[in-house]
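Asks: Now for the letters of each chain:
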Amino acid sequence: MKKILIVVLVVLFIVQWIVPGKMIWEKENILSRGKEFRFRTEPIDPSNPFTGKYIWLNFKEHEFDLPAKKELRYDQDIFVLLKNDDSGYAKIENIVFEEPKGNMDFVKAKLRSYSPIFGLVGHRRDSIESQNIQIEYPFERFYMDEFKAPKAEKMYRQSNRDGTQKVYAIVAVSKGKAVIKDVMINEKPIRMAIEGSTK
Amino acid sequence: MSKSFLKDLPELIAANIISADKAKEIENYYNTKEEGSPNRMTVVLGILGALLAGSGIVLLIAHNWDGLSNIVKTVLAFIPLVIGQSLCLYSLSRKSDNVLWKECSAVFLFFAVIACIALISQIFHINGSLHEFLLTVLLLTVPLVYLMPSSSVSLLFIAFTTWYDSDIGYGYNSETPYSYFPLLLLIAPHYWQLLKKKNNFFYLHNWMLCVSAIVTFGTFGSDASTTIIWLFAGYMSLFCLFYFIGKSSTFSNTKVFLNPFVILGRIGIILILFIWSFLGIWEGILDIQGVAGFIRTAAGFLSLIFLLPCIRFLYNSWWKKEEGYSEPIGLSAFVFIFCTVVFARLPVLAIFIINAWIIFLAVYYIRLGSSKNHLGILNSGLLIIVLLAIFRFFDDKIPFVWRGLFFLAAGAGFFVANYLMIKKRKLIKQKANS
Numbered sequence: 000m001k002k003i004l005i006v007v008l009v010v011l012f013i014v015q016w017i018v019p020g021k022m023i024w025e026k027e028n029i030l031s032r033g034k035e036f037r038f039r040t041e042p043i044d045p046s047n048p049f050t051g052k053y054i055w056l057n058f059k060e061h062e063f064d065l066p067a068k069k070e071l072r073y074d075q076d077i078f079v080l081l082k083n084d085d086s087g088y089a090k091i092e093n094i095v096f097e098e099p100k101g102n103m104d105f106v107k108a109k110l111r112s113y114s115p116i117f118g119l120v121g122h123r124r125d126s127i128e129s130q131n132i133q134i135e136y137p138f139e140r141f142y143m144d145e146f147k148a149p150k151a152e153k154m155y156r157q158s159n160r161d162g163t164q165k166v167y168a169i170v171a172v173s174k175g176k177a178v179i180k181d182v183m184i185n186e187k188p189i190r191m192a193i194e195g196s197t198k
Numbered sequence: 000m001s002k003s004f005l006k007d008l009p010e011l012i013a014a015n016i017i018s019a020d021k022a023k024e025i026e027n028y029y030n031t032k033e034e035g036s037p038n039r040m041t042v043v044l045g046i047l048g049a050l051l052a053g054s055g056i057v058l059l060i061a062h063n064w065d066g067l068s069n070i071v072k073t074v075l076a077f078i079p080l081v082i083g084q085s086l087c088l089y090s091l092s093r094k095s096d097n098v099l100w101k102e103c104s105a106v107f108l109f110f111a112v113i114a115c116i117a118l119i120s121q122i123f124h125i126n127g128s129l130h131e132f133l134l135t136v137l138l139l140t141v142p143l144v145y146l147m148p149s150s151s152v153s154l155l156f157i158a159f160t161t162w163y164d165s166d167i168g169y170g171y172n173s174e175t176p177y178s179y180f181p182l183l184l185l186i187a188p189h190y191w192q193l194l195k196k197k198n199n200f201f202y203l204h205n206w207m208l209c210v211s212a213i214v215t216f217g218t219f220g221s222d223a224s225t226t227i228i229w230l231f232a233g234y235m236s237l238f239c240l241f242y243f244i245g246k247s248s249t250f251s252n253t254k255v256f257l258n259p260f261v262i263l264g265r266i267g268i269i270l271i272l273f274i275w276s277f278l279g280i281w282e283g284i285l286d287i288q289g290v291a292g293f294i295r296t297a298a299g300f301l302s303l304i305f306l307l308p309c310i311r312f313l314y315n316s317w318w319k320k321e322e323g324y325s326e327p328i329g330l331s332a333f334v335f336i337f338c339t340v341v342f343a344r345l346p347v348l349a350i351f352i353i354n355a356w357i358i359f360l361a362v363y364y365i366r367l368g369s370s371k372n373h374l375g376i377l378n379s380g381l382l383i384i385v386l387l388a389i390f391r392f393f394d395d396k397i398p399f400v401w402r403g404l405f406f407l408a409a410g411a412g413f414f415v416a417n418y419l420m421i422k423k424r425k426l427i428k429q430k431a432n433s
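Respectively, the protein sequence lines represent chains V and Z. Numbered per numbering that gives the first Met the number 0, the first sequence spans residues 0 to 198. Numbered per numbering that gives the first Met the number 0, the second sequence spans residues 0 to 433.
Chain V extracted, bound-state conformation:
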């Protein structure tokens, strides 16, 4: 009986290795094979009880207008088709509800919220013309040292007043999945930028 228990325990241990191992393998695969996109963003600093402090990335490309034909629901899966704009930042090309086939660059995301956009007849509201979709990307968190995360937000707010700040996240995208590589402030990795600013 004891031997059987030990064998089952070892099987459990293997499963306990496989789950985080699979997470690592998947993410490494995306990082090495995925296509890079640069998402313009602003950092905000919240916290998680187990994984610690992170900056929440509020992406500029977080909404899209769709024709008001499709019935929508909160938290449903959506597929965000991506392209690069003229200045080299990620731009939403379209949002579809079925997984795209072929060699398209897309990210599987969630529908955070949606609101109707009404057409106007003169100054009066007409019927719903389109729907504004708010997107929840699977890469909105960037974990940082608990003392650096609040500084990242503060630094962004202070230096963004002149409007010339370039803050973006480098995201590797592969087959609908995505992993953040780094967050850059004025072409410098955010961790280095903070260290530079505090010296």
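There may be inaccurate statements among the hints.
Claimed, not checked - In the BS3-like style, the derived pairs of lysine-lysine whose C-alpha atoms are separated by at most 25 Å in a straight line are:
{"id": "1", "chain 1": "Z", "residue 1": "Lys254", "chain 2": "Z", "residue 2": "Lys196"}
{"id": "2", "chain 1": "Z", "residue 1": "Lys196", "chain 2": "V", "residue 2": "Lys1"}
{"id": "3", "chain 1": "V", "residue 1": "Lys180", "chain 2": "Z", "residue 2": "Lys72"}
{"id": "4", "chain 1": "Z", "residue 1": "Lys94", "chain 2": "V", "residue 2": "Lys1"}
{"id": "5", "chain 1": "V", "residue 1": "Lys100", "chain 2": "V", "residue 2": "Lys174"}
{"id": "6", "chain 1": "Z", "residue 1": "Lys72", "chain 2": "V", "residue 2": "Lys150"}
{"id": "7", "chain 1": "Z", "residue 1": "Lys195", "chain 2": "V", "residue 2": "Lys1"}
{"id": "8", "chain 1": "V", "residue 1": "Lys147", "chain 2": "Z", "residue 2": "Lys72"}
{"id": "9", "chain 1": "V", "residue 1": "Lys187", "chain 2": "Z", "residue 2": "Lys72"}
{"id": "10", "chain 1": "V", "residue 1": "Lys176", "chain 2": "Z", "residue 2": "Lys72"}
Calculated directly from the structure, the hints in this document are not laboratory data.
On the provided structure of chain V, position chain Z as indicated by the hints.
Replies: Below, chain Z alone, put in the same frame as chain V:
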């Protein structure tokens, strides 16, 4: 206890009650027993130590060590896991009779799994929600409850399941967490084993399960926000069910603090009755017809299910005259639901019945305390009256004169009842001495 017994052995040998050989056998038996199973305090301290050490590792990891490379962090993520797994393997193979080793190593591994997944999530900036994280941890650690076996992990499992379902069921965009039941079913066989042993872990499980049910029940009525009164009715059914479970033959002979069903059941019932003894709260109900809506929610359905065993318990106590269930507090769910269904549009009548019911319960406990010569029960009845008086003090719809008289009567009742009880006790003592 065994040590004091061992001290008496020479006396027992001298009195020829046991032989010297038998005394040696007894001494050996207790010595080997102590070596094999550490005492209760050591187990408690050991588990607490493992809990603190495990939580410490989780917090250290949550700091996010930016200075370390990803490879170093990945290796670090697996170190607590390897230590925890090695300790568990060692405990099961070499210390299989030692509760301390098994419980501590299992608790440590529980937190090591949390630390490992948390660190991997950090390294790759994984977005996942808190409840997804908690579910992964729960499913990866629940087998330890049976394999080690570990009751501490079972307690942690209940606590984390409550957290998991609260994260799903409360707040913005919440959903009804039906997963609560299958998750709890995973530890049901272990609870059944504890029920047969009735050790300290059994009583700790009861406390944890009661608190978990109270916290989680609210999530099942989250979609009935306009009919808050029905959620209270549901809670009332839950507390009455607690009360009857606590009074059943399985728990009736346990000490008061080892019976959370009765303690929390009584407190919950009285608390809800007090809340709904205010006129304002009844007048605030805008949509009483929400009963149909509430019945369609999981909380409404559960409330009906909770009431069925309550009816059965009542049948046993009132018709079959079985001991234990006869306190009228168990009827409170029916009184409250009757008021909500019949008098919701007549709030004055509803609060009259609720207040009258509270006074009835208070008087019942005063009488019970008096007849059983039990100051605790007597004063609990008086405390209910006093609390009711305090709450009515703030009720400006009742004239000052009536409130004043009620206060005077309650205060006088307090002194008179205690005085009579103490006098009665003295009389009994005098009779016994003479």
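Asks: A separate judgement is required for each hint: does it hold in the structure or not?
Replies: For each hint, the structure was consulted:
no., hint, verdict
1, Z:Lys254 to Z:Lys196, "holds, 16 Å"
2, Z:Lys196 to V:Lys1, "holds, 21 Å"
3, V:Lys180 to Z:Lys72, "holds, 16 Å"
4, Z:Lys94 to V:Lys1, "holds, 11 Å"
5, V:Lys100 to V:Lys174, "holds, 10 Å"
6, Z:Lys72 to V:Lys150, "holds, 23 Å"
7, Z:Lys195 to V:Lys1, "holds, 22 Å"
8, V:Lys147 to Z:Lys72, "holds, 18 Å"
9, V:Lys187 to Z:Lys72, "holds, 23 Å"
10, V:Lys176 to Z:Lys72, "holds, 23 Å"
In the structure shown, no violation is registered for any of the earlier numbered hints.
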